[in-house]
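Student: Keeping their order, the protein sequence lines are chains F and W. Sequential numbering from 123 applies to the first sequence in our numbering. Sequential numbering from 123 applies to the second sequence in our numbering.
By construction, these hints were calculated from the structure, which means they are not laboratory data. Possibly wrong hints are sitting among the right ones.
[To be verified] So the derived list for chain W, only partly shown, Cβ under 10 Å to chain F, looks like this:
#  : residue
1  : Asp198
2  : Glu225
3  : Arg304
4  : Asp306
5  : Ser310
6  : Ala415
7  : Ile441
8  : Arg448
9  : Val457
10 : Gly462
11 : Gly509
[What the hints assert, rightly or not] DEER-style ranges, computed between Cβ atoms:
#  : chain 1 : residue 1 : chain 2 : residue 2 : range
12 : W       : Glu208    : F       : Arg392    : 43 to 51 Å
13 : F       : Asp548    : W       : Tyr204    : 44 to 52 Å
14 : F       : Gly459    : W       : Tyr363    : 19 to 27 Å
15 : W       : Arg423    : F       : Tyr204    : 27 to 35 Å
16 : W       : Gly459    : F       : Ala558    : 47 to 55 Å
17 : F       : Tyr204    : W       : Ala401    : 51 to 59 Å
18 : F       : Gly243    : W       : Arg423    : 29 to 37 Å
19 : F       : Thr155    : W       : Glu303    : 41 to 49 Å
[Unchecked claim] Derived SDA-like pairs: lysine to any residue, alpha-carbon spacing no greater than 25 Å straight-line:
#  : chain 1 : residue 1 : chain 2 : residue 2
20 : F       : Lys545    : W       : Ala541
21 : F       : Lys365    : W       : Gly459
22 : W       : Lys124    : W       : Asp156
23 : W       : Lys365    : F       : Gly459
24 : W       : Lys365    : W       : Pro353
25 : F       : Lys124    : F       : Ala138
26 : W       : Lys545    : F       : Gly501
27 : F       : Lys336    : F       : Gly375
28 : F       : Lys365    : F       : Glu395
29 : F       : Lys545    : F       : Thr217
30 : W       : Lys545    : F       : Asp503
31 : W       : Lys315    : W       : Ser159
32 : W       : Lys315    : W       : Ser378
33 : W       : Lys124    : W       : Ser159
34 : F       : Lys365    : F       : Glu379
35 : W       : Lys545    : W       : Arg149
36 : F       : Lys545    : W       : Asp503
37 : F       : Lys545    : F       : Val146
38 : F       : Lys336    : F       : Pro288
39 : W       : Lys545    : F       : Ala541
40 : F       : Lys315    : F       : Glu379
Quick caveat: nothing in here was measured; it's all calculated off a predicted structure. For every residue, glycine included, the Cβ atom is placed at its ideal position computed from N, Cα and C.
Protein chains: 2
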Amino acid sequence: MKYWCEYAWLGGASVARSVELEVVDGRFVSLRTDVASESSGSTVLPGVTLPGLANAHSHAFHRALRGRARGDTFWDWRDGMYALAERLDPDSYGTLATAVFGEMALAGITAVGEFHYLHHGPRGVPYDDPNEMTRAVAVAATTAGIRLTVLDTCYLAGGIGEPLSPVQQRFSDGTAEGWVERVDLIASSPSVKLGAAVHSVRAVDPDSIATVAKWADHQIAPLHAHVSEQPAENAACIDRYGKTPTEVLGQAGALSERFTAVHATHLSERDIELLGGAAATLCMCPTTERDLADGVGEAHRLVTAGAKLSLGSDSHAVIDLFEEARAVELDERLVTGTRGGHSAEALMNAATSGGQRALGWHEAGRIAVGQLADFVTVGLDSVRLAGSTQDSLLSSIVMSASAADVRTVVVGGDLIVDAGAHKSLDVERELAMSIAAVWD
Amino acid sequence: MKYWCEYAWLGGASVARSVELEVVDGRFVSLRTDVASESSGSTVLPGVTLPGLANAHSHAFHRALRGRARGDTFWDWRDGMYALAERLDPDSYGTLATAVFGEMALAGITAVGEFHYLHHGPRGVPYDDPNEMTRAVAVAATTAGIRLTVLDTCYLAGGIGEPLSPVQQRFSDGTAEGWVERVDLIASSPSVKLGAAVHSVRAVDPDSIATVAKWADHQIAPLHAHVSEQPAENAACIDRYGKTPTEVLGQAGALSERFTAVHATHLSERDIELLGGAAATLCMCPTTERDLADGVGEAHRLVTAGAKLSLGSDSHAVIDLFEEARAVELDERLVTGTRGGHSAEALMNAATSGGQRALGWHEAGRIAVGQLADFVTVGLDSVRLAGSTQDSLLSSIVMSASAADVRTVVVGGDLIVDAGAHKSLDVERELAMSIAAVWD
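Model the full assembly from the supplied sequences, consistent with the hints where possible.
Tutor: This is the structure:
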């Protein structure tokens, strides 16, 4: 299968013109630039073709809160989110996740990391298959046509030294060993990878973090954790352990280049050194961090210290990785008074290869021979991008494009989105029906 | 002409269902809710119908900088913007402004305040008609089908006590009296109003501010000014006058309920009291304030003190008043750590009646009998808004809608945008051609 791209981003600070891509067995096998006209039979992709976008941090079910999220603080908001979590079962969760992953596909997202902690039935009673919820999420991603990394989440306590609330019992495997026992039953596939997550230092004690980290080391799997999203988490952690959350994670052996710190909003100097020194990934979720009044993390300093950058739409107040990408830079400008900490190239890397790497998809995220043929074409036929030139296109897309500008999405050579519409799902209808169902 | 709206926002915290609007001679003459089915011949508007949006602060020509804006600071950015300003003449300015106002129409903007300071030819030589540039802007708005308030801007100095640079000479009428003499020649029309602007305390001395303010009082016209966008402006002002910019404006007689402070990012306690006490309008331009690393203004405190809120897309890095509206709230969350300072209702008021009021269109901005029939319908057939209910729709639109969701725009009873497309302009093409022309 051959594609002729009006423009394609092959890395670097600008886009290439007239690029011919050849895909065989789901991978790029050749790539030529400045191909004056398309060869017969090649699919023409007008606009700018990018590597598939990676959404490195998702809680799919939070999408049902869009427009309904109340509460003056993060903690109040969490109560509303828990009320939603209590309503879900494998059927309703699977239907909702299918629709949400469909919305992601329409936004050009070809791989998602689902930070998945809603494991068990009411009052924590396991389903007959203890991974029934995980399976529902995996089927959802497959149905929507995108790759999935299940970041299967260990969640054991309601706070440092605090018991689980009734809804939190659904998240818990009792012990880290119980978590290992369950996740060892999960099978992966060519489009579904398994990774680990520690919910946070609030929900997992240091010994249990070490158990999860050891499992991830053994499996050479990604390991993610929410880190220092709110000042109250830092205060409780320092109070109990005399260490910051990052220090606790470091001492438990969690920090490595396979580790992703989600949010990392309120860090100490030492935290920045630790995460940078480990070449860990930072997952910024700016539209959620805005929504939840978290604050602005120091992404520029973390990257300078050696950390890699990735992006997540997290609570899905918005599902638009262009919006997340520019928000990393724009929100830092608001608090530093300086422009340009993150280049358009760096932000596009975060949205593509940075996120794919964080999810363990090392063979995706670049348009290059041998890589998985996951790619996305952004149309230039909108008022948002009108007036761009070859030199300014990358910057225009990062700063001004919308998920609504995504025209074509291909995952492993398969066409998932064509002319801005999902090939197999009526996503708007699925969203409306599945969200109505959980609130009815 | 009758319209049947699936939902319409008639003010308040939620939307009404099944609303029939009747328009005669460009105004609403009747309004009925819960009209079960449309009467024969009425136009059906699926989605949510809102009052026309008002863009209270625009520099149309900045649109040509989208994706091309460089510089580490506001001041470096300004150099690039001046380089653009130098290239413009009435023809190229008019063509570009037509396209930009067309982009605004597509985003549901039915009235724009053009903060217009590029008055004269190279080296400040007036055109044969000294208001030729203003006329080009007025023709542009009329061609695009939207209402315009020309905020004709007085600009006399390159900084406090500093001479004009060559490009700034194009902005200047020499004296405030020269400004009055020129603007008194400008005719208004049913769709074009005339207002005044003081560029800033950097560019206009206190005596000249008083002259402009007096003109605006006499004309009962809106008066706008850039206020405290950057800390350096405050420092220079206090250094020279021993007063903040707001205090200087207050002493010159500029503050009233017809005054709009644009940005007002870095205010003192006393400034907040002055603006609130005058019931002045605050015009927040959050996507520009992010882009230019201005900081986060204290909109919530200003509103609490008595100021009204309006919105502007300013430099047009983005033209999307829904994005501006939510950013007021979301950016404040980032710096305060608290959610919900501005309700969805308050933010929608800012995007509609607040902005219309700031531009002197007191008969627009509400769907009510007697008001101008300026209205906008947002489609619910996108993934962004799927899953909303009548109760959550207003919040969903403010927090999640995109300008791309605007389907229908009516100004004074005339259909300007239908099915998401401009009725008389190929806006994408006009943008591409006019922007290419200014950079060629």
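Student: Does each hint fit the structure? Answer for all of them.
Tutor: The hints, checked one at a time:
1. For aspartate 198 of chain W, the interface hint holds, since its Cβ comes within 10 Å of a Cβ in chain F; the closest pair sits about 8 Å apart.
2. Evaluation of the glutamate 225 of chain W hint against chain F yields a held restraint, the C-beta minimum of about 4 Å falling below 10 Å.
3. A least Cβ separation of about 31 Å between arginine 304 of chain W and chain F goes past the 10 Å threshold, and the interface hint is therefore violated.
4. Below 10 Å, beta-carbon pairs count as interface contacts, and aspartate 306 of chain W has none with chain F, the closest being about 36 Å; its hint is therefore violated.
5. For the restraint placing serine 310 of chain W at the interface with chain F, the shortest Cβ-Cβ distance is roughly 28 Å, beyond the 10 Å limit, so the hint is violated.
6. At about 4 Å, the closest approach between the beta carbon of alanine 415 of chain W and any beta carbon in chain F falls short of 10 Å, and the interface hint on this residue holds.
7. With a least beta-carbon distance of about 7 Å to chain F, the hint placing isoleucine 441 of chain W at the interface is held under the 10 Å criterion.
8. Checking arginine 448 of chain W against chain F by beta carbon gives a least distance of about 8 Å; that is within 10 Å, so the hint holds.
9. For valine 457 of chain W, the interface hint holds, the least distance from its beta-carbon to any beta-carbon of chain F being 7 Å, beneath 10 Å.
10. A least Cβ separation of about 5 Å between glycine 462 of chain W and chain F falls short of the 10 Å threshold, and the interface hint therefore holds.
11. Evaluation of the glycine 509 of chain W hint against chain F yields a held restraint, the C-beta minimum of about 3 Å falling below 10 Å.
12. The beta-carbon spacing between glutamate 208 of chain W and arginine 392 of chain F, approximately 50 Å, falls within the hinted interval of 43 to 51 Å.
13. Restraint check, aspartate 548 of chain F to tyrosine 204 of chain W: a C-beta distance of roughly 50 Å satisfies the suggested window 44 to 52 Å.
14. In this structure, glycine 459 of chain F and tyrosine 363 of chain W meet the distance hint of 19 to 27 Å, their C-beta atoms being roughly 23 Å apart.
15. At roughly 32 Å, the beta carbons of arginine 423 of chain W and tyrosine 204 of chain F sit within the given window of 27 to 35 Å.
16. Judged by the Cβ atoms, the range 47 to 55 Å given for glycine 459 of chain W and alanine 558 of chain F is violated: they are separated by roughly 33 Å.
17. Our hint of 51 to 59 Å for tyrosine 204 of chain F and alanine 401 of chain W is violated, since their Cβ atoms are close to 42 Å apart.
18. Separation of glycine 243 of chain F from arginine 423 of chain W is about 47 Å and departs from the stated range, judged on CB atoms against 29 to 37 Å.
19. For the pair threonine 155 of chain F and glutamate 303 of chain W, the beta carbons lie near 59 Å from each other, so the given range of 41 to 49 Å is not met.
20. Taking the CA atoms of lysine 545 of chain F and alanine 541 of chain W, the gap is about 23 Å. The hint holds against a cut of 25 Å.
21. About 23 Å separates the Cα atoms of lysine 365 of chain F and glycine 459 of chain W, which keeps this hinted pair within 25 Å; it holds.
22. Proposed proximity of lysine 124 of chain W and aspartate 156 of chain W is supported: the alpha carbons are some 15 Å apart, at most 25 Å.
23. Between the alpha carbons of lysine 365 of chain W and glycine 459 of chain F the distance comes to roughly 23 Å, so the proposed pair stays at or under 25 Å and holds.
24. The hinted pair formed by lysine 365 of chain W and proline 353 of chain W meets the criterion: a straight-line CA distance of about 14 Å does not exceed 25 Å.
25. A threshold of 25 Å between alpha carbons decides the hint, and for lysine 124 of chain F with alanine 138 of chain F the separation of about 17 Å falls inside it, so the pair holds.
26. The suggested pairing of lysine 545 of chain W with glycine 501 of chain F holds, with an alpha-carbon distance near 22 Å, which does not exceed 25 Å.
27. Between lysine 336 of chain F and glycine 375 of chain F the CA atoms are separated by roughly 8 Å; this keeps the pair inside 25 Å, and the hint holds.
28. Using a Cα cut-off of 25 Å, the hinted pair lysine 365 of chain F and glutamate 395 of chain F holds, with the two alpha carbons roughly 15 Å apart.
29. Our distance criterion of 25 Å between C-alpha atoms is met by lysine 545 of chain F and threonine 217 of chain F, whose separation comes to about 17 Å.
30. Proximity of lysine 545 of chain W to aspartate 503 of chain F is assessed by CA-CA distance (about 17 Å); at most 25 Å being required, the pair is judged to hold.
31. Between lysine 315 of chain W and serine 159 of chain W, the direct Cα distance comes to roughly 39 Å. Violation of the 25 Å bound is thereby established for this hinted pair.
32. For the suggested pair lysine 315 of chain W and serine 378 of chain W, the alpha carbons sit about 19 Å apart, so the restraint of at most 25 Å is met.
33. Using a Cα cut-off of 25 Å, the hinted pair lysine 124 of chain W and serine 159 of chain W holds, with the two alpha carbons roughly 12 Å apart.
34. At roughly 22 Å between alpha-carbon atoms, lysine 365 of chain F and glutamate 379 of chain F fall within 25 Å of each other, so this suggested pair holds.
35. As the CA atoms of lysine 545 of chain W and arginine 149 of chain W are separated by approximately 20 Å, the hinted pair is consistent with the 25 Å bound.
36. Simply put, lysine 545 of chain F and aspartate 503 of chain W have alpha-carbon atoms about 17 Å apart, close enough for the 25 Å limit, and the pair holds.
37. At roughly 21 Å between alpha-carbon atoms, lysine 545 of chain F and valine 146 of chain F fall within 25 Å of each other, so this suggested pair holds.
38. With a C-alpha separation of about 29 Å, the suggested pair lysine 336 of chain F and proline 288 of chain F falls outside the 25 Å cut-off, and the hint is violated.
39. Proposed proximity of lysine 545 of chain W and alanine 541 of chain F is supported: the alpha carbons are some 23 Å apart, at most 25 Å.
40. This hinted pair checks out: lysine 315 of chain F and glutamate 379 of chain F have alpha carbons roughly 17 Å apart, not beyond 25 Å.
Hints 3, 4, 5, 16, 17, 18, 19, 31, 38, counting from the list given before, are not met by this structure.
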